[in-house]
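Residue numbers (the numbering used here), protein chains in the order written: chain A, 1 to 325; chain B, 1 to 557.
Since the hints were derived computationally from the structure, they do not count as laboratory data.
Treat each hint with caution, since some may be false.
Said to hold, decoys possible - Subject to a maximum C-alpha distance of 27 Å in a straight line, what follows is the list of computed DSSO-like cross-link-like pairs (lysine-lysine):
| hint | chain 1 | residue 1 | chain 2 | residue 2 |
| --- | --- | --- | --- | --- |
| 1 | A | 9 | A | 237 |
| 2 | A | 9 | B | 188 |
| 3 | B | 70 | A | 144 |
Said to hold, decoys possible - Just a few of them, taken from the derived set where beta-carbon distance is under 8 Å, the chain A residues facing chain B:
| hint | residue |
| --- | --- |
| 4 | 109 |
| 5 | 110 |
| 6 | 142 |
| 7 | 212 |
| 8 | 253 |
To be verified - For each label pair, taking beta carbons as the anchor points, the in silico distance ranges come out as:
| hint | chain 1 | residue 1 | chain 2 | residue 2 | range |
| --- | --- | --- | --- | --- | --- |
| 9 | A | 152 | B | 176 | 21 to 29 Å |
| 10 | B | 350 | A | 104 | 22 to 30 Å |
| 11 | A | 104 | B | 356 | 35 to 43 Å |
| 12 | B | 420 | A | 130 | 31 to 39 Å |
Positions of the beta carbon are idealized from the N, C-alpha and C atoms, including for glycine.
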Amino acid sequence: MLLRLWPEKTAVSFMNLRFIALVVSVIALLASAAFLTTRGLNLGIDFAGGAVIEIDKPEDVSADQIRNRVTELVTGDVQVNSARGTGANAPEIAVIRFEPQPPVGDETPDEAQNRAGDVVSAAMRELVGAERFNLRSEASVGPKVSGELFRSGIIALTVALTLMMIYISFRFQWQYALGAVAALFHDVILTMGMFALTGFEFNLATIAALLTIVGYSMNDTVIVFDRVREEARKYKKLELAKVVDLAINATMSRTLLTSSTTLLALLSIFLFGGPVLRGMSFALIFGVIVGTYSSIFVASAVVLLLGIDRGDQPKREVEGFQGVS
Amino acid sequence: MLNFPLWKVGIIVVVLLWGTVLALPNMFSDGFLGVQPKEVSDPTNTAAVAAYEQQLQEADQSWWFLPSGKLNLGLDLQGGVYLLMEIDPAEIAANRLETVQADIRSAFNRNPLIERNPPVQNEDRLTIEILNPEEDMDEAVRRLNRLNPTIGTTQTELFDVQQTGDRFIQLTVTGNARTALASDAQSKMMEIIRRRIDPDGVAEISITPQGDNRIILEAPGEADPKRIKDILGQAGRLTFNMANLDSSAIQAAINSGRTLPRQQLVDSVDYGQILINRIPELTGADIATANRCFDEANFPAVCFRLNSSAATKFYNLTRNNTGKNFAIVLDGTSMSSPTIRTPIPGGNVIIEGRFTIEEAEDLAAIIEAGELPAKLNFLDERTVGPTLGAESIAAGSRASLIGLAFVGLFMVLAYGLIGGFAVGSLLSNIVLIIGALSGFGATLTLPGIAGIILTIGMAVDANVIVFERIREEQASGRSPATAIQAGYERALSAILDANITTFIAASILYMVGSGPVKGFAVTLAIGILTSVFTAFVVTRWLTVMYLRTMRPKRLSM
Chain A
1 MLLRLWPEKT
11 AVSFMNLRFI
21 ALVVSVIALL
31 ASAAFLTTRG
41 LNLGIDFAGG
51 AVIEIDKPED
61 VSADQIRNRV
71 TELVTGDVQV
81 NSARGTGANA
91 PEIAVIRFEP
101 QPPVGDETPD
111 EAQNRAGDVV
121 SAAMRELVGA
131 ERFNLRSEAS
141 VGPKVSGELF
151 RSGIIALTVA
161 LTLMMIYISF
171 RFQWQYALGA
181 VAALFHDVIL
191 TMGMFALTGF
201 EFNLATIAAL
211 LTIVGYSMND
221 TVIVFDRVRE
231 EARKYKKLEL
241 AKVVDLAINA
251 TMSRTLLTSS
261 TTLLALLSIF
271 LFGGPVLRGM
281 SFALIFGVIV
291 GTYSSIFVAS
301 AVVLLLGIDR
311 GDQPKREVEG
321 FQGVS
Chain B
1 MLNFPLWKVG
11 IIVVVLLWGT
21 VLALPNMFSD
31 GFLGVQPKEV
41 SDPTNTAAVA
51 AYEQQLQEAD
61 QSWWFLPSGK
71 LNLGLDLQGG
81 VYLLMEIDPA
91 EIAANRLETV
101 QADIRSAFNR
111 NPLIERNPPV
121 QNEDRLTIEI
131 LNPEEDMDEA
141 VRRLNRLNPT
151 IGTTQTELFD
161 VQQTGDRFIQ
171 LTVTGNARTA
181 LASDAQSKMM
191 EIIRRRIDPD
201 GVAEISITPQ
211 GDNRIILEAP
221 GEADPKRIKD
231 ILGQAGRLTF
241 NMANLDSSAI
251 QAAINSGRTL
261 PRQQLVDSVD
271 YGQILINRIP
281 ELTGADIATA
291 NRCFDEANFP
301 AVCFRLNSSA
311 ATKFYNLTRN
321 NTGKNFAIVL
331 DGTSMSSPTI
341 RTPIPGGNVI
351 IEGRFTIEEA
361 EDLAAIIEAG
371 ELPAKLNFLD
381 ERTVGPTLGA
391 ESIAAGSRAS
401 LIGLAFVGLF
411 MVLAYGLIGG
421 FAVGSLLSNI
431 VLIIGALSGF
441 GATLTLPGIA
451 GIILTIGMAV
461 DANVIVFERI
471 REEQASGRSP
481 ATAIQAGYER
491 ALSAILDANI
501 TTFIAASILY
511 MVGSGPVKGF
521 AVTLAIGILT
531 SVFTAFVVTR
541 WLTVMYLRTM
551 RPKRLSM
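Whole structure, please, built from the sequences with the hints as guidance.
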């Protein structure tokens, strides 16, 4: 028969598992917090400032040679990584990164940063020879902009969370909104913790990924909540924990299917989408898994904890949308 | 519910066709879209000339019904330079205040003379000490107020006049004037930047303002950020000064660190240092045109022509100073200091130097575009070379195709024939996304491609929700028709709520994101809209058609 990821009729008691899930989540959150404080995020130049220069690396030039030459020219830590490009017989690539540069004389910090980028780029042209020199990419971010980018990233996350919370309170009840937002914080913190643990670069694209995770996790949560609302209406006398279990069981097949197709799509970005998208797709993959988990065990559990108002619930809020079909 | 009236079918067909027509141009070359090719600036570049001619030919037989808008590729895909620049408002205010000093001098020198010490300027504040305050103070304040210039369209006064202590007057640039000056400078500088980077007006560069005092330059296809920064980093202040090349006088000035009051030492391209007169004879404003040309020895050089009044002035200058030297000074460095042999009529001047063709072209563009009113500070610079851009496109398309294949296979495995309908609506979804992006002239970036792939994965969600409902309804004993009807009805609220929340995230991302991230937000948002449409309308239409024609007893799913 056709592929089924979840049996047709189930009555798994997810809410009985919620205390185990609570322990798991709390441990994961604490671990994330620990990683974030001890190891910290590997901030990309979007947020930390500095420069990244990526060039084709000829075989006869070693990464050490490049590192030594760059270290002579700039202050602070210099990282040189070599990697291989995508595609058949792709050349080897050297990725050079250095910190924001201190200003010399009456320069502004932005000018110092900019000058260092030019100097290093020119030195590399000289080192590998002008005819073999291929500048794959160069990015140089001054301290002024990196600070602004970081702030706007945080603002974006906060605004998005707030607006979603308002929307959910409006469409459901405030208990659902709190549950959803708890799940979102859970997902964002765990994903950031994962970035601290693995050392994947945290940059603007990661913020985009986090916002998408927020959107996805919310999507997932809403599907479950919608079902909880429906079942609660249908079985007015049933205990809330049972109602939530009914809803989760009913939506489980959909949850797994959608997560699978989304993960398949993301996996193909991670594997075949080239190095530029790797960090972003990694965040998304992790976020989708955590988001699926949290809509069941965090969002629903919080709703169960807070209880919902089942007496004077507004009737069939859906009606406003009926015209669409 | 199950009968699709003709008008609904009509709308579906129109939307799908419209999306297809908008998406189609991406499959064709510019020529077939009727886009007239751009002039080739360098006739020796045979490849460019051949491409030009081919496009011209294709444009003649173009397909008139195709729109000409293609997907705009972001800089991260087609390669190019992104530069975020800032103008310091304080610097502009200070520069503007400096130009008032000459007016103050002549106002105070008018009869009755006001005795004062030379004004002292500290950034955007000018302090004047009046030597006989009892007699002159009121008159000085009055004269200063009268010469106070107004700025911009709002007619704000440039400075506040304030008496401090008994003997001092302070001129401070007002906050409003500062804002007006900055926005004035911003638009002026955007124009100068365009003329410098793209003197022929052929490149597809984009120059956009950000905030009050920032400018974003995006130059697709450009691979050398240093060249752009060199062109923009120069103030471009060009002057003609009489020069003294006498080596003993220069040496004496260098040793003592002093010059005659009317002279100053400047660096020189060909002599180390030379002495020039402080006050220039001509400035960049006197130049009508500047071009790259070749000198007598056939080396690249910069030729320029003075406007007619300056040409006369230059002729008189060269007639009166035959045998002497003059210097062409750019931003404090003498580019050339030729000896005047004969009077030069016509106002044609040449700067010879050891230029490459490119350097000579850039210099000509800088001279013709004129002087920047303030220095540009480079805050954020990103360059993607053509190799990386091409690799990203290849990787992005590969990932999309593989992702699509995976998801399609999965849907068919999970839901059989009806899953196939969902794949059909998924394909139309992708056509609609590409059509919408092309139609809006939105920019496709690499994260944008990731957004499309993500949409492929998430777009089936709406279908999945509905299908699961149909399964449930069918399991509880309903016929296919009622099961499908109930499935769509019940799934509606969940799908709308879920997609509206994701849409909120995408909108926020669009508002605060920059560059590539914005591209991601756009495709995500468009993808949400099209996927709700395709799941609710296209898949359902396909399913209903199937029900009507095949009349199955039971849906196998």
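How the hints compare with the structure:
1. A:9 / A:237: holds, 22 Å
2. A:9 / B:188: Not satisfied, since the Cα-Cα distance of roughly 70 Å exceeds 27 Å.
3. B:70 / A:144: Violated - the C-alpha atoms of residue 144 of chain A and residue 70 of chain B are around 35 Å apart, more than 27 Å.
4. 109: violated, 10 Å
5. 110: holds, 5 Å
6. 142: holds, 5 Å
7. 212: Holds, about 7 Å.
8. 253: Cβ of residue 253 of chain A sits 5 Å from chain B, so the hint holds.
9. A:152 / B:176: 21 to 29 Å: holds, 27 Å
10. B:350 / A:104: 22 to 30 Å: Given a distance of about 37 Å, which is not inside 22 to 30 Å, the answer is violated.
11. A:104 / B:356: 35 to 43 Å: violated, 29 Å
12. B:420 / A:130: 31 to 39 Å: Given about 56 Å between the Cβ atoms, the range is violated.
Hints 2, 3, 4, 10, 11, 12, counting from the list given before, are not met by this structure.
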